[in-house]
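Chains as they are written, first to last, in my numbering: chain E, 318 to 725; chain L, -7 to 222.
Some clues are possibly wrong.
[Stated by the list, open to error] If the Cβ cut is set under 7 Å, some of the chain L residues that face chain E in the computed set are:
1) Phe31
2) Leu52
3) Asp53
4) Thr56
5) Gly58
6) Leu59
7) Asp72
8) Asn80
9) Phe85
10) Arg95
11) Leu104
12) Pro105
13) Arg132
[To be verified] Far from chain L, by Cβ distances over 10 Å, these chain E residues were calculated:
14) Ser326
15) Met336
16) Ile347
17) Arg377
18) Asp392
19) Arg398
20) Thr460
21) Gly554
22) Gln586
23) Ala608
24) Glu632
25) Met639
26) Ala675
27) Val719
28) Leu722
[Claimed, not checked] Across the chosen pairs, the derived CB separations fall in these ranges:
29) E:Val707 to L:Ser57: 15 to 21 Å
30) E:Asn620 to L:Ser141: 35 to 41 Å
31) E:Asn620 to L:Val16: 33 to 39 Å
32) E:Asn334 to L:Val16: 37 to 43 Å
No lab work stands behind these hints: they were computed from the structure. Each residue gets a CB set at the ideal place from its N, CA and C atoms; glycine is no exception.
As a plain string of letters, each chain reads:
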Amino acid sequence: MRPPEVILSALWAMRSNRMRTALASLGVLIGVSAVVSLVGLVTGIRNYIRDQFDTVLGARVFEISRYSGGFEDLDSWLESRRWPDLTVDQARELAGLMTTAGGVTWRSGSGGRVTFGDRTVESVRIRALAPSETDVAGFAIGTGRFFTHAEDAARARVCILGSDLAETLGTPAGLIGGDVTVQGYRFTVIGIARPLGSIFGHGLDDFVAVPWSTWSELLSDGRDEVEIAVLPREEVGLEECREEARLVLRRIRGVPFQAPDNFYITTQQGILDSMQKVMAGAAAITIGIAAISLLVGGIGIMNIMLVSVTERTREIGTRRAMGARRRDIVRQFLAEALIISLAGGFLGLLVGYALTIAAERLTPVPAAVSPFAAVLAVSFSAATGLVFGVFPAWKAAGMDPVEALRYE
Amino acid sequence: MTASGPVIDARGLRKVYRMGEVDVEALAGVDFRMEQGEFTCMMGASGSGKSTLLNIIGCLDRPTSGLYELLGRRIDSMDDSELAAIRNRFVGFVFQTFNLLARASAVENVELPLVYARVPGRERRERAMEGLERVGLADRAGHRPNQMSGGERQRVAIARALVTRPALLLADEPTGNLDSRTGGMILDLFRELHEEGNTILLVTHDSGVASSAKRLVRIRDGRIESDSAR
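Bound-form chain E, shown alone:
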């Protein structure tokens, strides 16, 4: 038989058993749609993370902290609890010693209440920032200005408001130059930050930024712990700058030769990498689910094909008497299994895409239709049809034509 005839004959056999064919392909349909929508979800979240990092963080700024930016095991977390604090003095020393850094700043923070006129906002993030000429603050100024070194040195009570907080409290025109109360202390508003947006649905614009020295005097809980942000000079590579920062900080903190670092340096790439690790785990789970559902779908197809082979024993005998070779019979039944599973795969792809789009439109979950999923769905369902169609086809072809013709 020629290939087009194999396919026609398979379609023709399935036409007469529509209900059964539909049910047989249902397993593959569900499996493939699950895979497609999960792949869409994973892809969407991955894109979302990438976009968030692109917009929120300066790509070249890296951070030094006692806390890891990624996901560590319990032992290293416990170990990091015992490290000495990263102090503002160490940060100042680092800033003074580094030659490859275009800017070094340090920051800390707490939470508190902010009041302007008769409006009060609770649980505002208070960001304590060292003044800096370069943009290592983590936000840009929308209106007004940044604080100066002089203001920091003088512990001036000036502040910059995040855009959401500013909107809650009043209008930019009314706020700049005005006084807000932070934890009971009066601060003059000198600037309003440009909106940052949100990351993982969490708003980033409800903060008030104050000079680090002022914060240390008035608002800190007494601990001098800071986080250091370093921006490499323009002509210096990120890795070179990072390595210098590491070596200088080891010297400042008196880390013995060959002992491991007692601080973490987190680059944006590092954060992305550890996110990718989590996503790879999610992808592995997806593939596991896919394997199980396609196994179930495949068994369904095999079951139906075995029933079909038994029912059509006479037909097989007749075809053999008319000159069909064993391989013609194998092809016929394999084609049927393949078409059932491909039909399931194709419909599953449509359902999966529909689910992905629905998730993207109707829920805050980011999801993206991925062309990779289509390739995956088609190849998985084809493989399922072939693998689980082989045994029934082999059984059909192995029948003795004499016995098959006599079968009641």
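Since the structure of chain E is already known, use the hints to place chain L on it.
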């Protein structure tokens, strides 16, 4: 098709089935020849071995031992796909239960052997229609088996058996499932086909049918009991 020589030339055919612990000898040494253009009837009780002989002659089965030549070709040593090709090209089968594909129309059923002969679609359809015309069913081409009477179904099956222009037409109790009037019409059709030059081997229970044949072979206990040609 060879112009001369016998169509069937079988010598010392034995067929032994293993049924559990015992060997059952279905054919116990059969010599059988048929010339081109013969119309032979074969009779025998069930279990006599006539079906086994018919299956071997039709290349559906192989003898345990013995020599079988169909149109001068050694069949007994052929493999499965060679046998399939031989069946396709040289043998036409007509069964007692018609064995039409239930989901296919009459013309599609007649086309089936041509599909395996890799005849292109259009030529296939033309030849199948000619076949249906020959058995007087051109107007039923689009009907499915369940929309036709028993006699019509058997005529479709005959058209299917003839569509490859086989050297040998094998009919296994073709009237067994038909009433006597319809059965008579089918036998008349076989006689006409014989007159047109077809070589026909027809197995039957019906002594009335058998008596009309030119040659009658009786099988019993795996042997040829009598052969009117001898």
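Do the hints match the structure? See the list:
no.	hint	result
1	Phe31	violated, 21 Å
2	Leu52	holds, 5 Å
3	Asp53	holds, 5 Å
4	Thr56	violated, 14 Å
5	Gly58	violated, 17 Å
6	Leu59	violated, 20 Å
7	Asp72	holds, 6 Å
8	Asn80	holds, 2 Å
9	Phe85	holds, 5 Å
10	Arg95	holds, 4 Å
11	Leu104	holds, 5 Å
12	Pro105	holds, 4 Å
13	Arg132	violated, 19 Å
14	Ser326	violated, 8 Å
15	Met336	holds, 15 Å
16	Ile347	holds, 28 Å
17	Arg377	holds, 68 Å
18	Asp392	holds, 66 Å
19	Arg398	holds, 75 Å
20	Thr460	holds, 78 Å
21	Gly554	holds, 68 Å
22	Gln586	holds, 61 Å
23	Ala608	holds, 35 Å
24	Glu632	violated, 6 Å
25	Met639	violated, 4 Å
26	Ala675	holds, 39 Å
27	Val719	violated, 5 Å
28	Leu722	violated, 7 Å
29	E:Val707 to L:Ser57: 15 to 21 Å	violated, 35 Å
30	E:Asn620 to L:Ser141: 35 to 41 Å	holds, 37 Å
31	E:Asn620 to L:Val16: 33 to 39 Å	holds, 36 Å
32	E:Asn334 to L:Val16: 37 to 43 Å	holds, 38 Å
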